[in-house]
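Following the hints, position chain B against chain A.
In order, the protein sequences belong to chains A and B.
Residue 196 in numbering that gives the first Met the number 0 sits at position 197 of the first sequence; the count goes up by one each step and never skips.
Residue 31 in numbering that gives the first Met the number 0 sits at position 32 of the second sequence; the count goes up by one each step and never skips.
Any given hint could be a false lead.
[Unchecked claim] Covered, in the sense of this in silico footprint (three residues per stretch, anywhere, with C-beta under 8 Å from a C-beta of chain A), are these stretches of chain B:
hint	stretch
1	161-172
2	194-206
3	229-236
4	280-289
Keep in mind that the hints were calculated from the coordinates and are not lab data.
None of the values given here were measured: they were computed from a predicted structure.
Where is the CB? At the ideal position from N, CA and C, for every residue including glycine.
So the chains spell out like this:
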Amino acid sequence: MAWTRGVVPVCDMMVVHDAGETWNYGTKLMELVIKAHGIPLTMWYDINCRFKQHAIDWAEAKWGGGVEAASLAKLTAYPLPPFHVSCHNATCQWHNSHMRMYMVGLGAGEPPEIAWAHMRKAGHILQYQSLSFRHVSIERIVARWNESKVHKLIPFMMEAYMRATTREAEARRLLNAVVNKMRQQQGASDDKVGCMLPSERVLALSHDTLRADTNVAVHEALLRRRGGGGQVS
Amino acid sequence: MTAYRCLVTCLPVVMQPLDLSRVAAGQKVYLYSLDLLMSLSDTVDACPRLGVAAFSRSLMKRVSRNGCAIELTPDTVAKHISRALHEFTILTLGMGSPDARRDLEAAAMDREYPSNAVSEEEDQSVAAEGGAAGMEDGSSHREGQDAGLWDHDLLAACPACRGSQEYLLKIVESKIREGGLDVGEFEALLGGSHSLIHSMYIDGHFGLPHRASGGSSDHRPPISLKLLRDDEMEAFRRDPSSLTRTQRKKKGPCTVVFQADSEKRKMSRHHDRTGVMGAFCRHGFCLSMINMTEGACNGVDSGRGARL
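For reference, chain A alone in the conformation it holds in the complex:
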């Protein structure tokens, strides 16, 4: 079982417990990652509902409101991880679920928790070592962990691909079912159906789906509503 930051789910009950990290640790890790890898497109953290604004404020103070701060505010998505999201209240789940964020994808579970379950085995010995020796030991553990992840990379990506294609096929089936039902039961025109379909994700999905299923007019209506022209290539 993984532990959330301050909230422990036990048998469908939420128990508030004493744990927590200061925000400085999160911002320092963000700084290290930004310097090495650029702005991350998605930043997953257990408390993103509260940490997001602090990260943006910190970036403005750090870089004086430059491009880094702007990108952290507008380019980066801040979803809650799929396990920890269950520990937030319903409104927070609605606003911060990765399923409702643009270009975030399905996520990859919670990689830190998997790593912690592995590294936890060394806890007994590490706590009695001197600090410098513990430092080297943790470096070795992390190096071994990264090496093991490289060896498991192909199965991991194949599984992710299967999961994504399955979910995409299901979404396409549901989208076509909705469009056909709206046509049959409500007698709506293609323009009206295009205006009633709600989200940007539907637009991204409809580009192939609706065109392949002769719902070209609905897709054109979606494009017109978005201001991208009405021609389907």
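Below, chain B alone, put in the same frame as chain A:
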């Protein structure tokens, strides 16, 4: 038993062979063999039929507390320890006071990292300068060090992330259009980095604490590839940007009861490092880690589940 003792004495950093008579007498034995034990634990997890009951996850606990009689066959010992040797195991065995343990560890590090055996004066001067210079480029704690055993190319970035740069750039371009941002600035920002990542996951872990009784650091850590040195974190804490105070919402979701906030400054009486906090990419590759000195720490054994 014989095989185990024989192979242990072959390891590169052995100060004292394991005296099994002292183990049998119930005297306390400190066994520092992280890579060995973790690789064995992996093996047992993957192959339950192997039958190496002594190499369960509780081995470290038993050995570090009371000592235990390790029942092994020569074949399994040879296989596992040769694997650990291949992976550059540090193995030190020590009995006695914490001072003796520190001496053993210092000798082990000097032996493996001779270029990093700096004097105390030099160490203090480096610490006094702080991580201010390292803060300028963000990742300088990874540079200018003789990594020796480490594969820099592998440790630099996740291979899967490096292989998907074109795809990530398309996503960035799409998001820039969506947000109505200035493309030119972002090209300047992203152009220097050829290892974009899609997702970063950060989380804290209180299962790797450090007891204050374990001893302070006489040596500066000779290598810092993923785990940030403490002096650099302290320099970050003194940075004005880290003192930014965000206006807390008084209404809205997750603002009424959040007891973690009241516990985050909690200092442990027994631990000077309460755990680690790490950043990972979406493939599970560790990008960076930080030692935590604050926050609730219940130790390794006294899990919160037990208290519930």
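Status of the hints after comparison with the structure:
Counting residues of the stretch 161-172 of chain B whose CB lies closer than 8 Å to any CB of chain A gives 3, which reaches the minimum of 3, so the coverage claim holds. Residues of the stretch 194-206 of chain B lying with their CB closer than 8 Å to a CB of chain A number 13, which satisfies the three-residue condition for coverage. Coverage of the stretch 229-236 of chain B by chain A holds in this model, with 4 residues showing a Cβ closer than 8 Å to a Cβ of that chain against a need of three. Judged by the Cβ-Cβ criterion of 8 Å, the stretch 280-289 of chain B is covered by chain A as claimed, because 10 of its residues qualify and three suffice.
Checked against the numbered hints above, the structure breaks none of them.
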